[in-house]
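Undergrad: One line per chain: the protein sequences are A and B, in this order. Here the first sequence is numbered in my numbering, starting from 727 and rising by one per residue. Here the second sequence is numbered in my numbering, starting from 727 and rising by one per residue.
Read the hints as simulated data drawn from the structure, not as lab findings. One thing to keep in mind: the hints can contain errors.
Any copy will do: because identical chains look the same in the list, a pair fits if it lies in one copy or spans two.
[To be verified] No farther apart than 20 angstroms at their CA atoms in a straight line, the calculated lysine to aspartate or glutamate pairs in the DMTMM-like style are these:
#, residue 1, residue 2
1, Lys998, Glu735
2, Lys998, Glu751
3, Lys1022, Glu786
4, Lys1042, Glu1057
5, Lys756, Asp794
6, Lys884, Glu1087
7, Lys789, Glu778
8, Lys1099, Asp885
9, Lys1022, Asp813
10, Lys1022, Asp790
11, Lys734, Asp996
12, Lys731, Asp996
13, Lys883, Glu924
14, Lys1099, Asp762
15, Lys793, Asp773
16, Lys1077, Asp1096
17, Lys793, Glu761
18, Lys731, Asp854
19, Lys734, Glu995
20, Lys779, Asp794
21, Lys1067, Glu1086
22, Lys731, Glu999
23, Lys881, Glu1086
24, Lys779, Asp790
25, Lys1042, Asp854
26, Lys1077, Glu1054
27, Lys747, Glu829
28, Lys998, Glu806
For clarity, every value in this text was computed on a predicted model and none was experimentally measured.
Number of protein chains: 2
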Amino acid sequence: MAIAKHIKELMNSKGSSVIRKMFEEGIQLKAKFGEDKVYDFSLGNPDMPPPEKIYQVVNEIAKDNSKDRHAYMPNAGYTETRKAMADKVNFEQNLTDDSALNENHVVMSVGAAGALNSVFKAILNSEDEVIVPCPFFAEYRSYVSNFGGNLIPVKSKKDFSLDVEAIKNALTSKTTAVLINSPNNPSGKIYSESDIKELASVLYEHGKNTGITPYLICDEPYRAITYNGKKVTSVFPLYDNAVVVTSFAKNLSLPGERIGFIAVNPKCEDAKEFIAACTYTTRTLGYVNAPAFFQKVVAKCWNADVDYSMYTNRCKMITEVVKNAGIEFVEPEGAFYLFCKAPMPILQENKQFIINNGDEEICDEFAFCDHLKKYNILCAPGSGFGCPGYFRMAFCVSENTIKNCAEPLQLAKQSW
Amino acid sequence: MAIAKHIKELMNSKGSSVIRKMFEEGIQLKAKFGEDKVYDFSLGNPDMPPPEKIYQVVNEIAKDNSKDRHAYMPNAGYTETRKAMADKVNFEQNLTDDSALNENHVVMSVGAAGALNSVFKAILNSEDEVIVPCPFFAEYRSYVSNFGGNLIPVKSKKDFSLDVEAIKNALTSKTTAVLINSPNNPSGKIYSESDIKELASVLYEHGKNTGITPYLICDEPYRAITYNGKKVTSVFPLYDNAVVVTSFAKNLSLPGERIGFIAVNPKCEDAKEFIAACTYTTRTLGYVNAPAFFQKVVAKCWNADVDYSMYTNRCKMITEVVKNAGIEFVEPEGAFYLFCKAPMPILQENKQFIINNGDEEICDEFAFCDHLKKYNILCAPGSGFGCPGYFRMAFCVSENTIKNCAEPLQLAKQSW
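Looking at chain A on its own, in the form it has when it is part of the complex (with noise of 0.2 angstroms):
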């Protein structure tokens, strides 16, 4: 008796598991030196706390006692509760009479990462592919893996927007599904209606020649904060095959209650199949069903009224830091990442961290974050995210944080 030999290997590689291991440290490290002296940016745990009318409504289903109020409910969740997510979709979209979801489209599930592995499940036949466009977030490898099918990572354009072109060239007789997440975790890039529209134009094109018009398959979470009036672009209306997974997570800031869902467009030629292949899936890999409690909160606040402007102020503060320290990043339009580039070192003793790249030379990311660790600075090497060179900074967490980082930041960066 033993672990699986495969589970061995991905638990001792780099990569995507770092960023846990660096929140797991994060805690050991605060209980050690005090939380305001560690600058913790490892994890997207929202800091903000969630809105008064979460806290009414998880008082008001508390006291409801009525039989049944925690036992199981069909496998694809409370009727009221998928109801109130068509409604959630419909409103984001615009979608309006013919093309409007209802429950029939909606399977709720254990956040957004329990909705990807359940629609994977549902649609990948074993070395299926999945075209992701980098940079992306890092348990996708996981979560495609799990179901024998294989991520295929695509080059993005300098500024993270989607390059079409790289994303058509990587098209296959076995792509089934195209994965794109906007506003990004960790770039914070926002894909434009044009560069979806093209996309859509080239996935049609595909159909037409291989008779497979893949999924695309829209993962929102981080859709309702965005930052200078900018708008996610509504993927319903442009492309037939479109599912959208989210979660509460990080609008309603409810990540450990792990509640979210999956949406079909309703002119998705397979709506019906997708959502009992879901619904079965959910079922089959153990989630059973969406945690019920939480069902009923979500129902009743998924449009609660919620200020992000203590993200904006963040995210005006960190890039402050940051470019003060002499550190390149891209500028975020929503979620509440900076995605920067690992400077190149200036001590002799570092130049071993100058490492080639195809036909670039990049700074080795684990070193420098390794770096950044002795000044209690944590970050998330971008090597997971599919692009070394890069790190990632979550700046969901308190000003002082952010604040008080600038200084041991740009003593890092000296000493680099």
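Fit chain B to the supplied structure of chain A, relying on the hints for placement.
TA: Below, chain B without anything else, positioned relative to chain A:
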């Protein structure tokens, strides 16, 4: 784009899906004929309300608006919750001092189903085998096949006690685990201490011969629900490489909330690595962590006083009703299921439903369950549980449902 081929096949297959389908049909039948005219024994959805303490604590935690109340925590769960679960297992298994568990032996999970998926993902290499005595919870098939493993059903004795000799004969160099469920769903059987001891010695012997001592995975959501003062055998003192997976779905009537845990025997050879692997798979399978709110609830409620006499009464009532209809069954020792033999058809036109099952003739229980449905009686066919010719009645339903079912059951039997 289309659903994965194997998922399509599984969705269209008879067997396990049938239970959930019945549950959902039951909801529709009740809407049509009225709650009191449908006798729905399809699903183990506890009809006993959660104990009063649950409501108290849910209300307490609802009032807690401290920072991070709904945030991410380490993937294994809150330390305080894992400590409480260690206390629970130590109490149940009478473990003290060196043999006792602490928080590092526990991973919180999305119910027992989530726990089993995390465990199998952690330990199964492709084509590894998991032995399970018949009958067994139908969903085990999916939980093992999800990760490329093979479930190896093994016959039990006539009274559904363990046939250790049969298990011994099924052991191979591919056997990674033996999975037991006691009290058993669907038979209600509790595996005796002497049988577990015999099993342990067979597994140790196999370990000596092959170098691989299988895990013994004990799925125990029904541990607290037993009849006639029967106690569930504690496995940790009897076998080192033992694991408990369980939930609060049945003992605290919280199935919809998806809260459970994995606990490893501290004496297990690779306890530390096992927990690390299950923590990793809990993350990468998209559970991420057990729902935060109910982690807090069960930390305070695991030892709540619960009176299961309601199930004792129901057990007496249903055995009366089924006996009076002339249907054979095995007396349950725990859980809330009655596992019955589908009676041989009386009518000439139904003789076609007598089928051959190895060396004996049995009744096609799918046909009998379909027949029962005409009388609005919903039961789960036994083939899904590895026992063709049987059907399961979940008696976690109102006394009226049981009482009022007597007449239609008699009628159904007579017109079969």
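Undergrad: Checking against the hints above, which ones are violated?
TA: Per hint list: 8, 25 violated.
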